[in-house]
Structure formats: C-alpha cells, structure tokens
Amino acid sequence: MIVVVLDDDGTTPIDTISDKNFVSLREISKNDGIYEITSIKKDDFTKQESNYITRFNIKHNKHILEAFPIS
751 MIVVVLDDDG TTPIDTISDK NFVSLREISK NDGIYEITSI KKDDFTKQES
801 NYITRFNIKH NKHILEAFPI S
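Quick note on my numbering: the sequence shown kicks off at 751 and runs consecutively.
Keep in mind that the hints are not guaranteed to be accurate.
Computed spacing ranges between beta-carbons, pair by pair [unchecked claim]: (1) H813 - V773: 28 to 38 Å; (2) S768 - Q798: 16 to 26 Å; (3) T761 - Q798: 28 to 38 Å; (4) Q798 - D759: 31 to 41 Å; (5) E816 - T796: 26 to 36 Å.
Treat the hints as calculated values from the structure; they're not laboratory data. Heads up, the beta-carbon is just placed ideally off N, CA and C, and yes, glycines get one too.
Let the sequences and hints guide you as you build the complete structure.
Pasting the structure below:
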C-alpha cells in the first residue's frame, strides 16, 4: 500500500509513505488539524536509513488516518 500526502492546496503531493517504511503518525495540533507522519528514508548513495518527518494538514489527507489509524 502507498499513501500520498497532499499539500494544503489538496492537489500537490509532498510525500509518499508505504506500509513498508511507515513508522508513526501523531496529531500535533487539534485546533489546526496538523499531523506529523514519520517514515524511513534510505539514502541512495550511502544506503543508510534515517527517519523522515512530514507535517501536514488533515483537511485533504483523511485517507492517511484510514491507512494508518492512530491507536
């Protein structure tokens, strides 16, 4: 499964997350609908893995909660 994170305009992709590189999802601000998703990225050159964090508004990204429910 692959999920696309959309920018505030609702059409521009800002990140893609798969079930293979997903780490966590958390709500940052209830009032503003801001969430933070953490995934693993792999450097093509060094092959080293590191965490990659993307903040987004849930308004256009409700599909992320369906794919990766917060427990």
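Evaluated hints:
1. One distance hint, 28 to 38 Å for the beta-carbon pair H813 and V773, is violated here, with the actual separation near 18 Å.
2. In this structure the hint that S768 and Q798 lie 16 to 26 Å apart at CB holds, the actual value being about 19 Å.
3. Distance hint check: the CB atoms of T761 and Q798 are about 33 Å apart, consistent with the given range 28 to 38 Å.
4. At roughly 33 Å, the beta carbons of Q798 and D759 sit within the given window of 31 to 41 Å.
5. In this structure the supplied range 26 to 36 Å holds for E816 paired with T796, their Cβ-Cβ distance being about 34 Å.
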